[in-house]
Structures are given as structure tokens and as C-alpha cells.
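Position chain B against the provided structure of chain V, taking the given hints into account.
Chains V and B are the protein sequences, given in the same order.
Numbers 63 to 454, taken from the working numbering, label the letters of the first sequence in order.
Numbers 326 to 586, taken from the working numbering, label the letters of the second sequence in order.
Please note that a few of the clues may not be correct.
Said to hold, decoys possible - Just some of the chain B residues that point at chain V, by a computed CB distance under 7 Å:
| id | residue |
| --- | --- |
| 1 | P361 |
| 2 | L362 |
| 3 | E365 |
| 4 | D377 |
| 5 | N428 |
| 6 | A484 |
| 7 | P488 |
| 8 | C496 |
| 9 | K500 |
| 10 | C506 |
| 11 | V509 |
| 12 | A510 |
| 13 | P518 |
| 14 | G543 |
| 15 | A549 |
As the list claims (entries may be wrong) - The calculated label-pair distances, taken between Cβ atoms and stated as ranges, are:
| id | chain 1 | residue 1 | chain 2 | residue 2 | range |
| --- | --- | --- | --- | --- | --- |
| 16 | B | A364 | V | T97 | 51 to 61 Å |
| 17 | V | S389 | B | V439 | 35 to 45 Å |
| 18 | B | A374 | V | D214 | 45 to 55 Å |
| 19 | V | H364 | B | R333 | 14 to 24 Å |
| 20 | B | R486 | V | S115 | 22 to 32 Å |
| 21 | B | L527 | V | R212 | 28 to 38 Å |
Honestly, the hints are just simulated from the structure, not real lab data.
The beta-carbon is built from N, C-alpha and C at its ideal position, and this holds for glycine as well.
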Amino acid sequence: MPSATAPPDAGSTACVLDPEGIGALVRELRARGRTVIGPTERDGAIVLAELESADELPYGWGVELEGGYYRIKRRTDAAAFAHSAGPQSWKNFLHPERVRQWTADRAPDGGMTVRAERPEPTSFAFLGVRPCDLRAIQIQDRVMTGGRHRDDAYEERRTGAFLIVVECTEPGATCFCVSMGTGPAAQPGYDLALTEVVDGTGHRFLARAGTEEGADILAGLPRRPADDLTRTRAREDVEAAAGRMGRTMPEVDLRALLAGTLEAERWNDVAARCLTCGNCTMACPTCFCTTTEDVTDLTGDHAERWRRWESCYDLDFTHLPGGSVRSSGRSRYRQWLTHKLGTWWDQFDSSGCVGCGRCIVWCPVAIDITEEAHALHQESLDRQAGPKDETP
Amino acid sequence: MAEPPVRRRPRLGVFKFASCDGCQLTLLDCEDELLPLAAEIEIAHFVEASSDVQPGPYDLSLVEGSVSTPEHLERIRRIRAESRRLVTIGACATAGGVQALRNFADVAEFRATVYAKPDYIETLATSTPISAHVPVDFELRGCPIDRGQLIEVITAFLADRRPDIPDHSVCFACKRRGTTCLPVAHGIPCLGPVTHAGCGALCPAYGRGCYGCFGPSGSANMPAMIPLLRSDGMSDEDVLRFLHTFNVAKFAAIEPEREDP
Numbered sequence: 063m064p065s066a067t068a069p070p071d072a073g074s075t076a077c078v079l080d081p082e083g084i085g086a087l088v089r090e091l092r093a094r095g096r097t098v099i100g101p102t103e104r105d106g107a108i109v110l111a112e113l114e115s116a117d118e119l120p121y122g123w124g125v126e127l128e129g130g131y132y133r134i135k136r137r138t139d140a141a142a143f144a145h146s147a148g149p150q151s152w153k154n155f156l157h158p159e160r161v162r163q164w165t166a167d168r169a170p171d172g173g174m175t176v177r178a179e180r181p182e183p184t185s186f187a188f189l190g191v192r193p194c195d196l197r198a199i200q201i202q203d204r205v206m207t208g209g210r211h212r213d214d215a216y217e218e219r220r221t222g223a224f225l226i227v228v229e230c231t232e233p234g235a236t237c238f239c240v241s242m243g244t245g246p247a248a249q250p251g252y253d254l255a256l257t258e259v260v261d262g263t264g265h266r267f268l269a270r271a272g273t274e275e276g277a278d279i280l281a282g283l284p285r286r287p288a289d290d291l292t293r294t295r296a297r298e299d300v301e302a303a304a305g306r307m308g309r310t311m312p313e314v315d316l317r318a319l320l321a322g323t324l325e326a327e328r329w330n331d332v333a334a335r336c337l338t339c340g341n342c343t344m345a346c347p348t349c350f351c352t353t354t355e356d357v358t359d360l361t362g363d364h365a366e367r368w369r370r371w372e373s374c375y376d377l378d379f380t381h382l383p384g385g386s387v388r389s390s391g392r393s394r395y396r397q398w399l400t401h402k403l404g405t406w407w408d409q410f411d412s413s414g415c416v417g418c419g420r421c422i423v424w425c426p427v428a429i430d431i432t433e434e435a436h437a438l439h440q441e442s443l444d445r446q447a448g449p450k451d452e453t454p
Numbered sequence: 326m327a328e329p330p331v332r333r334r335p336r337l338g339v340f341k342f343a344s345c346d347g348c349q350l351t352l353l354d355c356e357d358e359l360l361p362l363a364a365e366i367e368i369a370h371f372v373e374a375s376s377d378v379q380p381g382p383y384d385l386s387l388v389e390g391s392v393s394t395p396e397h398l399e400r401i402r403r404i405r406a407e408s409r410r411l412v413t414i415g416a417c418a419t420a421g422g423v424q425a426l427r428n429f430a431d432v433a434e435f436r437a438t439v440y441a442k443p444d445y446i447e448t449l450a451t452s453t454p455i456s457a458h459v460p461v462d463f464e465l466r467g468c469p470i471d472r473g474q475l476i477e478v479i480t481a482f483l484a485d486r487r488p489d490i491p492d493h494s495v496c497f498a499c500k501r502r503g504t505t506c507l508p509v510a511h512g513i514p515c516l517g518p519v520t521h522a523g524c525g526a527l528c529p530a531y532g533r534g535c536y537g538c539f540g541p542s543g544s545a546n547m548p549a550m551i552p553l554l555r556s557d558g559m560s561d562e563d564v565l566r567f568l569h570t571f572n573v574a575k576f577a578a579i580e581p582e583r584e585d586p
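The shape of chain V in the complex, shown without the other chains (with noise of 0.2 Å):
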């Protein structure tokens, strides 16, 4: 396993594409049939869309990122991938909001046709997929096809996926992957890495393949061979990348702390800020949770099953007979911590955050679950120490 600060140029196919490079990629993995997904510019905030040239790519943009704000900023160079996360991910295109899953239709003989929907064929290719988000999709990977029950329309969906990461060079202040070992450098399992290298020698891209698929498509474009300069350049520019994180987790067992501060003061503190609104889960990469629900037509004769994102913020995602289970915030906030950084190990063998910072940034009233997890560590921290007054 790489470190997070892996030389990026490790591979024997590094070599070096100008931005007319990245025109020609587009170009190629249109002609391939891919529909290319990637960051633009729109309503004021990076988001990802499918790019029909790399012209669409948001050249000279950066972020301005904190606690419940964003905006973006022009920068003062030309460089497309100098934001940090925005507010969609790539679960919007791999996991979809809503879903249909099988339709049923009555005869007038009483009869009964189900039809399970089969997924459009998709052929998607990712640009610009953060190191942090490359990870997101493997955990979701781990959720959606890792168990008994294997979801075949996100497998067909995500196989199909040809992944180009960019490693990240200008992180948020809300970015925290050195926490939790997924960025800045990309790690295993894209078909394509970048680093984007802006100096006075020119706007350039350090590219190397991960797959056949990704060696065979840079071998079709416009590119040189990989020089010092820009390998040192990129290699430097993603190691001080690591060391400008605007956010830290503490530096312990996470999974420890949140299964030992279940009735912590700190549930009701941040329960008396929390809008229970859902922004968080929605944008958080690896949230996954759905519900279906079956609606008929007017005369009854057919119905169908939806599948759409759901939260666990939303009072029905526990909804018994009876009422909810988890009818206070405080229970739904603590829930959402807990699995995302605790009970995500016990399911799925690992965490469930990535440090995207998109729960801290798109949370309207600015919660942050950095400063969660090192209240909740710092109230354990006294709860050991004990009262100082009260020790005989």
C-alpha cells in the first residue's frame, strides 16, 4: 500500500500531456462511447456534469472553502483541477438518487406480469476523481457488491467506469484525507493518475496508466516523455499538498472513541445545532442508504418500485410501528457519526469517511465532524482523568 506521499510517478508509463493533451483525452474517450463525466464550472460552484470538451473544464477556478460556505474564485493561473471537493460526488453518477427497479402490470384476466428494469448500459469515464474520492467509490464498492446482496445495476454501472484520478494540489480548508490516509496522492485502482503541474516552464499534466485500458488510450495521445522537472514539480506540489490539510482527525482509534462516548455530553451540544436537514449525508461520498417505495397508477392496474436516496436524518428512516426510533437529533446525529466513523468498520471493514470535507462544507450551519470527533476525544480525555475536585 502506497503512503500518502508515494512518489506519483512510480509507474514506467509516466509521461507528460499539455492541455491540448487533456483536449485529446476527452476527445478519445468520447470516440471510445464513454460519456465523460468531470468538474465545470456552473452556478457558481464546481460541479460535476458530463463534459462534452475539455473546454468545459473549470481552467483558472479555485475554492474558497470553510464550515458552511463555498465560492468559488478565479485564480490567477489557468490550472482545471485547483478546487477541492464540490458539492456532488461520483456516487450521484454510480448511485443514482432514484431508481427504478421493476414495474408490474394486471391483465383484465386478473393476470400478473413483473418486469425487473434492467439498467441502461452505461460507459462512463470519471475525470478528475480526487484521491479521496477514488477511495469513496472502492468503499462503496465494498457496500454495494462486497456482501450477499450484490446491487448488479451499480456493478454494471461501476465496471463499465474508466477512472482518471488528479491528485490533489490545492487542498480545502475543510480537506482532512492525510487524517484518514486516502490523499493526497492516488493510490491504487484508477485506469488513469494526473498531476496537474502549473510553473513558468508551461501548464502541464503528469500522466501514468493504472490499467491496460488506461495504457492503451495514452499511448493515442498527443504526450512526451515524463521530464525531471515536472516529475519533481508534481511529486513536491502533492507532498506540500499533504502538509497544508486545513483539517485534522484526532490521532486515535476512532472506531474506539465513538464505541466509547455513546452518551456523551457532546451528542446533545452539537444536537442543539444540528438542522437534521440531510445536506450531509446527501453530499457524503460514501452515504449510501436508500428506501423503496411502490406507487400505482390511477387505475391500479400497474405499479411500480422506486428505489431513492435516503438519510438517516429523515424521522422516516426508522419508521416502525409505533413511531421512530430515532425521533430525537441527537439519536440521528449520533447515528450518522458513529457508523461513518465506528460501526463502518464492524459492517465493511473499514471507515466510512474518506476526509472530503463535503459534510463540513455543505452542512448550512457549518458543523464539522473534525471538531466533533476531537470534542467527543477530549471529553473522554477529562471523563479519565476524572472530577479534580471530588478524588479522596
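Positioned in the frame of chain V, the structure of chain B alone reads:
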């Protein structure tokens, strides 16, 4: 060959109390569904659509408007008694509507100011939701209600199932449709985090903050919401006005206590 048994269509009644008629109009706006609906249901009482008014009982009654006059008090009990299922539609019927502003003021003073001959006006001191007076089977929110949700409620009634009408926040809808958060990315005041979904996050999709026309969500933390509105540039008075619109009584019921100006 024997004739197939004639299926009795359920009978629908649509009734209006203190309201603007916009929610009943939503039923007429269901252009694509109107003929299939008429095939499944007998529209027995719908004054806005037809002067052919049939007496009760009704299998499903849709009630628009708030209880605002002494006459309403008696009439809603009669409609309830004639209805197997009673569904209230819209902010007036579910929350008292904008006319519930009177609940926080002196109605006699309003009457004297507005009307040339106030003694002609018979009114209650408050405007209240239907559910304050009779049991209600389902409350469909919105000002006005959403056409798709209205069809869903009627369809669910026909199939004798629970309508698929979530009571979570508008934020769910913004995130699902990919609308970038207005308060976070633009500092625009938005009631989405405390407002009941159902509109599909229509206003935020056009860059306008949610103004809460569906009323509070099932889980609205108002004390946490007010500071957010303040930090997005609203004064205390702005906040009060923002919340005191079509669902004034519902939001007021969960507002944090504040000192009177």
C-alpha cells in the same frame, strides 16, 4: 354472456373554506390525469368545476381553506360526518394560511380598519387548520399544493395505501436534483433546511431561497435555523417576516422564544 359487475366509482367531494382557490385549481390543472381520474372516481361535489352538486356521503373529501368564521365551524363538522376519508389540501387547510396572521393581532382592529361597515363581518378571532376542529386522514402541504403530490394522494386513496409523501426537508430535493446549496455557495437566506419537501425544491433551482410555503418539515430545529438566517444577512424583523407567511401559525409554534419588540 353475463354482464361484468358494475363497479361503483368512489365519490369525490372538493370543499372550500377560507382560501384563495388555488389548491382546488391544482386539481383542474391535472390536465393529463383528469380524464383517467374521472374514469376512476365520481366527482360528486366540486363547485369550482361544476354546478352539478351532488349530496354526500363522499368516499374522499378534499378540503381547502382554513376555519375562519362561525359558519365554518359548523360546516366542517357536517363535511366530516359525510366523508369516509378527509384530506386537507394546502397551507390554509393544514396551517391556517396567511390569514392566520390575525392570530397574533387584534382581529377587531383589523376589521375596523379594513371594512367600511365592520358590523357586517362575522369572523373568528383566529384562522385555524381543519385538523384543529375535526379528525383529518391526511394533510397535503403547500401554497399551493403540488400537482404530482395531489395525484399521488388520490391514487393512494384509490389503492388503499399510504401516500408516498415524505416529510423531510427541502434540502433532500436540492441535493437529489443537483441544485447547489444557496446559503452555502451564495449566502442567500433559505428556509429549505426546516421546510417540508414536496415542491421538488422549485425556488432554489431558480436561485431563490425557499420561503417555507410547505410549512415545517417533520424534524425542524428552529433554534438552529434562526442564527443561519441572521448570518445570511437578515435582521430579526426580516426573519420574523420570512417565517410569518403562508404557514405563519405552524412556524410560530416552533419558533424559539423571543422578547417582544
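Hint by hint, here is what the structure shows:
{"no.": "1", "hint": "P361", "result": "holds (5 Å)"}
{"no.": "2", "hint": "L362", "result": "holds (6 Å)"}
{"no.": "3", "hint": "E365", "result": "holds (5 Å)"}
{"no.": "4", "hint": "D377", "result": "violated (22 Å)"}
{"no.": "5", "hint": "N428", "result": "violated (26 Å)"}
{"no.": "6", "hint": "A484", "result": "holds (5 Å)"}
{"no.": "7", "hint": "P488", "result": "violated (9 Å)"}
{"no.": "8", "hint": "C496", "result": "holds (4 Å)"}
{"no.": "9", "hint": "K500", "result": "holds (3 Å)"}
{"no.": "10", "hint": "C506", "result": "holds (6 Å)"}
{"no.": "11", "hint": "V509", "result": "holds (5 Å)"}
{"no.": "12", "hint": "A510", "result": "holds (5 Å)"}
{"no.": "13", "hint": "P518", "result": "holds (4 Å)"}
{"no.": "14", "hint": "G543", "result": "holds (5 Å)"}
{"no.": "15", "hint": "A549", "result": "holds (5 Å)"}
{"no.": "16", "hint": "B:A364 to V:T97: 51 to 61 Å", "result": "violated (41 Å)"}
{"no.": "17", "hint": "V:S389 to B:V439: 35 to 45 Å", "result": "holds (43 Å)"}
{"no.": "18", "hint": "B:A374 to V:D214: 45 to 55 Å", "result": "holds (47 Å)"}
{"no.": "19", "hint": "V:H364 to B:R333: 14 to 24 Å", "result": "holds (22 Å)"}
{"no.": "20", "hint": "B:R486 to V:S115: 22 to 32 Å", "result": "violated (48 Å)"}
{"no.": "21", "hint": "B:L527 to V:R212: 28 to 38 Å", "result": "holds (37 Å)"}
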